[in-house]
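Enquirer: Sequence:
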Amino acid sequence: MLKGIIEMFPTWFKNQRSAVFYCSFTIGIFYSFFSNAQGFLKAEGKRIVNEQGENVLLRGMGLGGWMLQEGYMLGINEEGQQYKIRERIQALIGEKETNHFYQKWLSNHTTKADVEAMRSWGFNSVRLPMHFNLYTLSIEQEPVKGKDTWLEQGFAMTDSLLAWCKANQLYLILDLHATPGGQGNDFNISDRNPSLP
Numbered sequence: 083m084l085k086g087i088i089e090m091f092p093t094w095f096k097n098q099r100s101a102v103f104y105c106s107f108t109i110g111i112f113y114s115f116f117s118n119a120q121g122f123l124k125a126e127g128k129r130i131v132n133e134q135g136e137n138v139l140l141r142g143m144g145l146g147g148w149m150l151q152e153g154y155m156l157g158i159n160e161e162g163q164q165y166k167i168r169e170r171i172q173a174l175i176g177e178k179e180t181n182h183f184y185q186k187w188l189s190n191h192t193t194k195a196d197v198e199a200m201r202s203w204g205f206n207s208v209r210l211p212m213h214f215n216l217y218t219l220s221i222e223q224e225p226v227k228g229k230d231t232w233l234e235q236g237f238a239m240t241d242s243l244l245a246w247c248k249a250n251q252l253y254l255i256l257d258l259h260a261t262p263g264g265q266g267n268d269f270n271i272s273d274r275n276p277s278l279p
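Take 83 as the starting number for the sequence shown in the working numbering and just add one per residue.
Honestly, I wouldn't trust all of these hints.
Said to hold, decoys possible - Quick list of in silico lysine-lysine cross-link-like pairs, DSSO-like style, CA-CA up to 27 Å: (1) K248 / K194; (2) K178 / K166; (3) K166 / K227.
As the list claims (entries may be wrong) - FRET-style restraints, in silico, Cβ to Cβ: (4) M143 / E169: 39 to 45 Å; (5) E222 / N137: 26 to 32 Å; (6) E133 / G157: 30 to 36 Å; (7) Y154 / A199: 34 to 40 Å.
Simulated from the structure, these hints should not be mistaken for lab results.
A quick note: this is a predicted structure, and the numbers were derived from the prediction, not measured.
Note that beta-carbon positions come from the ideal geometry of N, C-alpha and C, so glycine has one too.
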């Protein structure tokens, strides 16, 4: 579903990868499922409202650490970018075991049971900090310059989370935390490598 939304953008815009991700994720796409039909939340002045114009107060949890490991959450304050964390793990256990570790991390960090628990605790929303590298290759890894390679893993994970949220009547807030090329100088939350463009 999410991949389909991205593919609806015109080709000229889709190739501007930072613009696509910025526009489609960080401005805050909200999914809501409090009625039988899907809907979106939007801002009206200083208020967040549903499709019926009713005020919505978001009470939720963020899934920080799932798709993007943020060093400060792991107690790593120096060099806490995910790529550096991964490099350290790989130096200890090798590439094959590091890949296995990360697949297990992504498969087990957040599950349907977690989303059900959030609903039972009274939350009505979930924020998903996302890392672009689960959805597309970095510019340096692209096999054909100027083209985009889409990766299924991130889309499948997001679609699963969306289904769990829908089943539990939770809003899903998509937040592209780590964008292609990086943003800002808070390396812990952007996984930016300052030596790359």
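Enquirer: Each of the hints needs a verdict: does it hold here or not?
Expert: Hints, verified against the model:
1. K248 / K194: holds (11 Å)
2. K178 / K166: holds (17 Å)
3. K166 / K227: The hint holds at about 26 Å.
4. M143 / E169: 39 to 45 Å: violated (29 Å)
5. E222 / N137: 26 to 32 Å: violated (45 Å)
6. E133 / G157: 30 to 36 Å: Since the Cβ atoms of E133 and G157 sit about 42 Å apart, the hinted range of 30 to 36 Å is violated.
7. Y154 / A199: 34 to 40 Å: For Y154 and A199 the Cβ distance comes to about 24 Å; the hint is violated.
Of the numbered hints stated above, those contradicted by the structure are hints 4, 5, 6, 7, listed in ascending order.
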